[in-house]
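Following the hints, put chain B in place on chain A, whose structure we already have.
Number of protein chains: 2
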Amino acid sequence: MSSDIEIARSVTMKPIGEVATKLGIPDDALDNYGKHIAKVDGEYLKSLKDKPRGKLVLVTAITPTPAGEGKTTTTVGLGDGLNRIGKKAAICLREPSLGPCFGVKGGAAGGGWAQVVPMEAINLHFTGDFHAITSAHNLLSAMIDNHIYWGNELGIDSRRVSWRRAIDMNDRSLREITSSLGGVSNGYPRTDGFDITVASEVMAVFCLATDLADLEARLSRMIVAETRDRKPITCGDIGAAPAMTVLLKDAFSPNLVQTLEGNPAFVHGGPFANIAHGCNSVSATTAALALADIVVTEAGFGADLGAEKFFDIKCRKAGLTPDAAVIVATIRALKMHGGVGKNDLSKENVAALETGFANLARHIENTKKFGVPVVVCVNKFVTDTDAEIEAVIRLTKEKAGVDAVLCTHWGEGSKGTEELANKVVAMLDAPREAPFQPLYPSEMGLLEKVETIAKTLYRASSVAATPAVAKRLAEFEAAGFGHVPVCIAKTQSSFSSDPNMKNAPEGHVLPVREVHLAAGAEFVVAVCGDIMRMPGLPKVPSAMHIKLDENGMIEGLS
Amino acid sequence: MSSDIEIARSVTMKPIGEVATKLGIPDDALDNYGKHIAKVDGEYLKSLKDKPRGKLVLVTAITPTPAGEGKTTTTVGLGDGLNRIGKKAAICLREPSLGPCFGVKGGAAGGGWAQVVPMEAINLHFTGDFHAITSAHNLLSAMIDNHIYWGNELGIDSRRVSWRRAIDMNDRSLREITSSLGGVSNGYPRTDGFDITVASEVMAVFCLATDLADLEARLSRMIVAETRDRKPITCGDIGAAPAMTVLLKDAFSPNLVQTLEGNPAFVHGGPFANIAHGCNSVSATTAALALADIVVTEAGFGADLGAEKFFDIKCRKAGLTPDAAVIVATIRALKMHGGVGKNDLSKENVAALETGFANLARHIENTKKFGVPVVVCVNKFVTDTDAEIEAVIRLTKEKAGVDAVLCTHWGEGSKGTEELANKVVAMLDAPREAPFQPLYPSEMGLLEKVETIAKTLYRASSVAATPAVAKRLAEFEAAGFGHVPVCIAKTQSSFSSDPNMKNAPEGHVLPVREVHLAAGAEFVVAVCGDIMRMPGLPKVPSAMHIKLDENGMIEGLS
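Going down the list, the sequences are from chains A and B.
The first sequence begins at 1 in the working numbering and counts up by one.
The second sequence begins at 1 in the working numbering and counts up by one.
Just chain A, same shape as in the assembly:
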């Protein structure tokens, strides 16, 4: 069996200008990065703003397990399937982060015959967007400490600098540091630390901003510290926002690449869905909607995280209306939710599948609460048996009232998603049963928003917020930020905050450890359980297997 990178390399890519032509993008609106990647010019995109928008399809998934689901793969496969049946479709993905790429998860450009290419470039530096975001983040960090060093005219309380530093690397040893050690010329020592770039508020702002002016205004509003009497200090007060915007100027233009079948794919922005809002950029999605009749996009991890944030944060704030959702499941993963261990996944086990189906059922039920029509994609593995396939399709129809379609895009490309594509088109053409609506209204209190998500979607019995957390939320409300959505940071491995609670737990308690106001991104982050904003590396990181072979070709990326 060929590896992802071998499959990707076996296909001859089209010149990117040819791919752009499919969407009617003229050559002079492209800035090429090599022969197969282009940034689409922002001025050209502005000229599209009055064009009718295409339909928006979200690909989300069941709760992830080590058995895998294939959400990005399905997004790519469905995009190719829609093109195969004659639709003008584009996909919108997030950019991969170097952290997981060299850590445990690997790249994020799809897999098998459903990939975006050039996968090596996309998985590594790509067009440098994450580097630009990291630089902008750290310029602000440096300017804050520099302000304190040169006399601290703003009166920043160095114990209350909330703006940390950022790096696109899994590096646990930078989670908590003491900085400015070494004496007079190095400044005032203080507690500090690094988050991974995908968790940076700059990343969130980058993904939610509508244009460069909005980007700069949002950056300027980010709160970075407080004075001794608790007055907030913003990025604007520090004077860093204009230079940060300059650093982000080129990055802000969406990246265009292609699927293995030569169909257009925007890959832009990439916050994680467990520690951030987990959706690709509004600028790319808006561009794609103006250029294509159907846009397929993804949101990170399970629907409890990715889809909820896609609906409640991205769609709400950007004025987008999702027209359909595809929930990806695998039989192996459902069996794992049903109690099967990793080593027994290849054996037929319909009973475990029926048990684990509860996880899928809840994600379907949850997604419907937003008024979005749902179809399930069963992403086929070679070990799936006929009885298992029959069971999952039947259960989905009987118990959850929606269709499930078996898909084989990993092994066959768009041939394997033709049925799914037809089903999605039928859903898009059908009259809408309910209007799209976020889970909670903007005017709801912040703690109540967390409780609504926890109880309605996670089926927690309650939220455990310490008095400190409750007080902080009340302070955010008093400061005029009560209307923003909440962005839950929690493990992706469970509906609860405990990664070991598989399947469909109920009656658990969601502990809110701390809350942060992202005044530029316009949401409040609620950190639940043990989730960390900086991952570590495993004992044998993927980096140990990534190398150039004797012909100078990259090996070991997946």
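If you're looking for bench data, these hints aren't it; they were derived computationally from the structure.
Heads up, the list lumps identical chains together, so a pair's fine if it works in one copy or across two of them.
With a straight-line cut-off of 35 Å between C-alpha atoms, the simulated DSBU-like cross-links for lysine-lysine are:
(1) 51 <-> 14
(2) 547 <-> 35
(3) 397 <-> 369
(4) 317 <-> 547
(5) 547 <-> 51
(6) 35 <-> 51
(7) 35 <-> 22
(8) 369 <-> 423
(9) 88 <-> 423
(10) 35 <-> 14
For chain B alone, coordinates are given in the frame of chain A:
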């Protein structure tokens, strides 16, 4: 008067393919980054290896002062001047670092009518080379701490991890930190810190490696820590070199841009000359020499730092023979060396100029010691008077025995360097008076090498090396590294290690604070005086003035 960025923008750039054609580079050997930047394919460059090499001209300078000299500007101007008089000439520059760009120095793409363009891109992220180097550096850092975290099989002494972290930012608060705080899941706390990326050994290796295989081998040999019994641990032991090479693969191909006059310019690699070896990449210089008849390159800061390292490290190791050197001086800077204060530089003062001429004279004398023919470029400022110009040209001829040529490239482009270009061509065509030779033989002892540079070039009376430094150097020699050159890290503002000793000080003592073995780059760094490997920001950093204007154009970069 127009700013650099306004002048740069007033010129219509050629498509980069057209610029490449001047050097005979075919279109399919280019990977475009936008319309005006390309990376030249490594496989194509390999095919050139048996082509005859062009002549190599180094542009260096007097000891820098706040009055400015214009080394990069002169490199660009001379390249344009040579093209103007019908020569097939290319220039090779270093890539600017974001640190100084947002700090005090500004960009590094030349100035006035002698710039490389697109200057905004070159000064900011460019093709992402520095980001790739930073990522590779920090992947290794993360893997070292990760190795310790997961059981430390190699027995690394966490007090003796010499591999620090890197960031392309002026950030004094990261000079010295304590990392891995916060308990069990964050690792073993230890003293750590960040250097600016241009000081990273990965940058030096990147600039000195001849191909990707050599790059990986050098990375692998870098020493990152020691065991408790002082056995060295290398990057190869950690297993990081192959993945680092993958991260650097695209970056390793030289970048091609153009001057304002449309002539070819390679801009690749960018170590600082005060804290690193200060020369652009061997890969770019070698490529340019195979493609052009004359290659003009620069080395950072004054000739005591840049030219010495260019000759003793880069040329020695890469087997390059410099054919001529241009020493750039300004009348303002010489007057400053002669004791004139910054506010009085616009007043005619031939006496001060005669005093300050000693600085230029010593740089000329020093450069000649390498057997390299010298010409002086007097880079004209509007405030220079006829009497001053006459004096500096006369003194150069009378006292130093070489020609000085008045140049006006800043205001007039290649028209202003025509005479200099003719003079350089005459030098290249003349029979060589002496062969090129490094200042010291490779087999000389390490401390003796430092002493040779200090006494012969800096005119120090002696070197003050602590017993610890002497012991460390002896250890490097015992470990088989006695044959490598030394790379002095010291202030650029004086021949001595004291930035306040202007002009041509003698009899000073060079204090060696610490020494580091760069086993991958193959030199020993001797840190002298107070020089820091991580700069800080000034009270009002350039970042405060860099912004997008109302039309989305960048303002404030210089």
